[in-house]
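Just so you know, the sequences run in chain order A and B.
1575 is the number that this note's numbering gives to position 235 of the first sequence; each next residue is one higher, with no gaps.
141 is the number that this note's numbering gives to position 35 of the second sequence; each next residue is one higher, with no gaps.
Please keep in mind that the hints were generated in silico from the structure rather than gathered at the bench.
Check the hints yourself; a few may be wrong.
When the alpha-carbon atoms are kept at most 35 Å apart in a straight line, the in silico DSBU-like pairs for lysine-lysine are as follows [said to hold, decoys possible]:
(1) Lys155/B with Lys1345/A
(2) Lys155/B with Lys1444/A
(3) Lys155/B with Lys1445/A
Model, not experiment: these values are computed from the prediction.
Here is what each chain is made of, one letter per residue.
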Amino acid sequence: MKSRKTFYTALTYAAGLLFLAVFIGPILWFLALAIRPAETAFAMPPQLTFEPTFDAFRHILVDPGTNAPQLVNSLIVAIGAVLLNLPFSVPAAYALSRFKLRGKKNIMLWYLGLLMAPPIAFLIPYFVLITRIGLQGSYFSMVLVLQTLTIPFSVWLMKSFIDEVPAELEEAGRVDGARWYTIMWRITLPIVRPGIIVTSMFAFVFAWNNAAFPLVLSSRSTATLPIGTLGYFATSGVTWNYIAAAAVLAMIPPMIIFLVFDRYVVRGLTFGSVKG
Amino acid sequence: MHATTLRSPQALAPVRRGFVRRNLPYFLIAPSVIMLLALIAYPLLFALKSSFYFWNLQVGPQPLAFVELDNYVQALNAFDFRAALTNTLILSILGTAIEFSLGLAIALVLLKALPGMNVVRALLILPTTIAPIVVGFLFRYLYDPGGGLVTWLLQSLWLPVPAEGILGSPATALAAILFVDIWQWTPFFAIVLYASLLSVPDEIIEAARLDRASAWTILTRIKLPLIRRTAIIIVMLRFMQIFNTFDTVLVLTRGGPGTSTRTLGYSLYEQGLVNFNVGLVSAQTWIAVLIVNIIVALYVFFAFRNEEW
């Protein structure tokens, strides 16, 4: 009986190691590409040891040549998407959580349905529209169209957080004669601050990782990191070190956010249908 | 109206506040709905109108002729568009099914709460956090025929690797793309299913064990039904995401070789942003939107029928 248990324990650990090898191994191998001397990237058999060099990062960060600082562009677009998103999604989430509404289910499903629209199908119309109103290549155009993804998602996630604030707290405010907006602003929103932070983080990651919209709407000077990687891919052969360095820069913020907010990640990924 | 104008100003206030208060939730929801309608309705109507015209930006800036349903006929008859539809369905159905099953298996392993497994769980989410376009580059490097790690591993295991490379052969390219999606999204299913399984009360499982229920019965009859709502939502979202995939295809194969990895998303990209065939791509868009809506409507109808909100 005991040896059988030891056997299962060993098996579980072996499975855990296998998962790490399969799912994390490729990421580590790609990270190594960014600091490898170029000539060892495709050595057969693969070379595990090498002299690390940070030339690729230096090129991406310090010497972008004709390219704008894509790291900065990515930050502007992602932060902008978050800032535009909250004033629209938080009140809607508050209403959907706090009030009895006719057609609530349909409204919630409508938001969910928007997440399923093929973004790529909207690119041509957006491109035509944005060009007509003279906003092509602007940060604002990207921030604006990203809302099709981030508002529905944020409404669902925020609602799950507001759902958990006990109604008694708001009742207490009402008894003291406070108006609904005072209650929302002074009582409910401060309590759901972690929810607002997590919602912002997810909106940030969505905007940060999105390549479809910047692909069409950005210009050379407003290109974000994912577009940067495509750029190193297209011009004069494949410059793998530069791609890897730009890609690593693009990978790190979402990874840090997901690891730091570990306990909220599941909630975000399922819009709170599992309480994380 | 007349009654209120005769009243004193003090008496007016509660009436107006009553109106605002009665409709307050709608006032709070309205900005987001208006914003989303503006962002979604324009593209859809634009595409609907354009789909009836011959309009190619490479030929001229304006629509050239009203062609009725020609664009739809052309899209549906085109070999490459039909291939894209087939590939997309294969990818989304197989991808969702495999990712769900593998994810569930991993979740069940993680549930054996051994010391150190929480580190495995925390790290496991990382593939899901990476931008799809970056995942595309990651695997392009791994699949490289001249020294990619995957190619080397397969050769070391004496497995056949096509001479054109894994992505270069029509026999393996679609499977390679499917594998990339599985790699990125299985952890997502694993983590979400793990967390929802944690919320299943131990007492129920214990009671079932006392009744000599097998592990399989406990899983299919107790655990899965209890996490049903989460499962419904993530399966639906994932299905739609794969259905719309284009970034990984753009980086990995550009739909080739031939039409072997063409997907709907990539087809829209190519017709719209490479060929600038606005009329044709608009028809393709509407075909895609209709298919998506039919699938989702059916799914939502059956899956959410008994859900409370």
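So, going through the hints one by one against the coordinates:
1. Lys155/B with Lys1345/A: It is violated: about 67 Å lies between the C-alpha atoms, which goes past 35 Å.
2. Lys155/B with Lys1444/A: 32 Å, holds
3. Lys155/B with Lys1445/A: Measuring from Cα to Cα gives roughly 31 Å; hence the hint holds.
The structure does not agree with numbered hint 1 stated previously, though it agrees with all others.
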